[in-house]
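Trainee: Sequence:
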Amino acid sequence: NGAKRVFVCATHAVLCGNAIQNLREAPIEEIILTDSIPIPPDKQLPNMRVLSVSTLLANAIRSIHLNESVSRLFE
1 NGAKRVFVCA THAVLCGNAI QNLREAPIEE IILTDSIPIP PDKQLPNMRV
51 LSVSTLLANA IRSIHLNESV SRLFE
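Mapping the sequence shown onto this note's numbering, position 17 (from 1) lands on 17, and the numbers just tick up by one.
Be aware that a few hints might be false.
[As the list claims (entries may be wrong)] Computed beta-carbon distance windows for the label pairs: (1) Val14 / Ala58: 37 to 45 Å; (2) Asn47 / Ser69: 21 to 29 Å; (3) Val70 / Ile20: 30 to 38 Å; (4) Thr55 / Asn18: 26 to 34 Å; (5) His12 / Ile64: 15 to 23 Å; (6) Arg72 / Gly17: 33 to 41 Å; (7) Val70 / Ile32: 17 to 25 Å; (8) Ile61 / Asn1: 42 to 50 Å.
Everything labelled a hint here was simulated from the structure, so no lab data went into it. Here the structure is a predicted model, which means the values were calculated and not measured. Yeah, the Cβ is synthetic: ideal placement off N, Cα and C, and Gly gets one too.
Start from the sequences and build out the full structure, keeping to the hints where you can.
Mentor: If you want it as structure tokens, here you go:
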């Protein structure tokens with residue numbers, strides 16, 4: 001029967017080569033990415049949603065630097 005809806009998720013969206021063209025041409029309802037790699041404006045598509053992980057990464061780096069557990073960040 002095939003898929004009725006398609007969603008794409010990626011943690012680190014490299015988006016090199018023909019990636020944007022391929023995503024643009026695919027029948028994808030929504031593309032969900034994080035900002036772990038900056039996404040330039042010319043590579044952003046109307047059906048993209050970018051979730052910020054900057055606070056989580058900053059807190060993880062801080063905890064590691066202070067020799068604290070990072071498990072509390074995921075509670």
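Trainee: Decide, hint by hint, whether the structure agrees.
Mentor: Each hint tested on the structure:
1. Val14 / Ala58: 37 to 45 Å: Since Val14 and Ala58 have Cβ atoms about 22 Å apart, the given range 37 to 45 Å is violated.
2. Asn47 / Ser69: 21 to 29 Å: Given range 21 to 29 Å: violated, Cβ gap about 38 Å.
3. Val70 / Ile20: 30 to 38 Å: holds (33 Å)
4. Thr55 / Asn18: 26 to 34 Å: holds (33 Å)
5. His12 / Ile64: 15 to 23 Å: For Ile64 against His12, whose Cβ atoms are near 19 Å apart, the range 15 to 23 Å holds.
6. Arg72 / Gly17: 33 to 41 Å: Check passed, 39 Å falls within 33 to 41 Å.
7. Val70 / Ile32: 17 to 25 Å: holds (23 Å)
8. Ile61 / Asn1: 42 to 50 Å: holds (46 Å)
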